[in-house]
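Chemist: Residue 1 is where the sequence shown starts when you use the UniProt record's numbering, and the numbers rise one by one after that.
Hint data in this document are derived by calculation from the structure and do not stem from the laboratory.
Ideal Cβ positions, reconstructed from N, Cα and C, are used throughout, including at glycine.
Any given hint could be a false lead.
[Claimed, not checked] Quick list of simulated restraints, FRET-style, between CB atoms: (1) Leu16 / Leu113: 23 to 33 Å; (2) Pro99 / Pro52: 35 to 45 Å; (3) Asp2 / Leu113: 48 to 58 Å; (4) Gly136 / Asp2: 58 to 68 Å; (5) Pro99 / Ser126: 20 to 30 Å.
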Amino acid sequence: MDRLLLTLLVVAFFGLCVLGMWRGWRRQARAQSVEFAPFPEVPADPGTPVLPAMRGVYVCSTRAGHWQQRIVTRGAGVRSAATLCLYPEGVEVRREGAPEFWIPRESVVDAKLARGMAGKVLGTDSLLVITWRLAGTDIDTGFRGDGTDSYPQWIDALGAGTVEKGSQE
Numbered sequence: 001m002d003r004l005l006l007t008l009l010v011v012a013f014f015g016l017c018v019l020g021m022w023r024g025w026r027r028q029a030r031a032q033s034v035e036f037a038p039f040p041e042v043p044a045d046p047g048t049p050v051l052p053a054m055r056g057v058y059v060c061s062t063r064a065g066h067w068q069q070r071i072v073t074r075g076a077g078v079r080s081a082a083t084l085c086l087y088p089e090g091v092e093v094r095r096e097g098a099p100e101f102w103i104p105r106e107s108v109v110d111a112k113l114a115r116g117m118a119g120k121v122l123g124t125d126s127l128l129v130i131t132w133r134l135a136g137t138d139i140d141t142g143f144r145g146d147g148t149d150s151y152p153q154w155i156d157a158l159g160a161g162t163v164e165k166g167s168q169e
């Protein structure tokens, strides 16, 4: 009887912890839905890809410079298998099981490598981070490619179309 009671208490405690985390995530998503504009949708005809598509994992999006502050609103905080496609007018982030979104080329501020981002920390610079501007707020979007060989091409291609950090849209 004592063992059953203790087991039920542990399961109940675990359930309350999970419930608290879920409610915190939902509250943060509600607060951020006011703070961040919806991510742009992919155009119907984005054009011809500039580089071959890169498969990997969409890690997350954060406020630029704050690598631990994950944006969770509108599905942006869901880590998922993804494909990045670079077009002349922007970057398509196609995610499995989560909404896809578009990073307009004119919004790209920077592209660089990083060691970590919101719960994903690596020993080397293995994350491709695209910094872009959404309604006046700079956002870092992290992607871990299946192979890092194409990162320099992506950084060069995205760097050619960057906007000035001080400019306003």
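Chemist: So which of those numbered hints doesn't the model satisfy?
Modeler: 1 and 2
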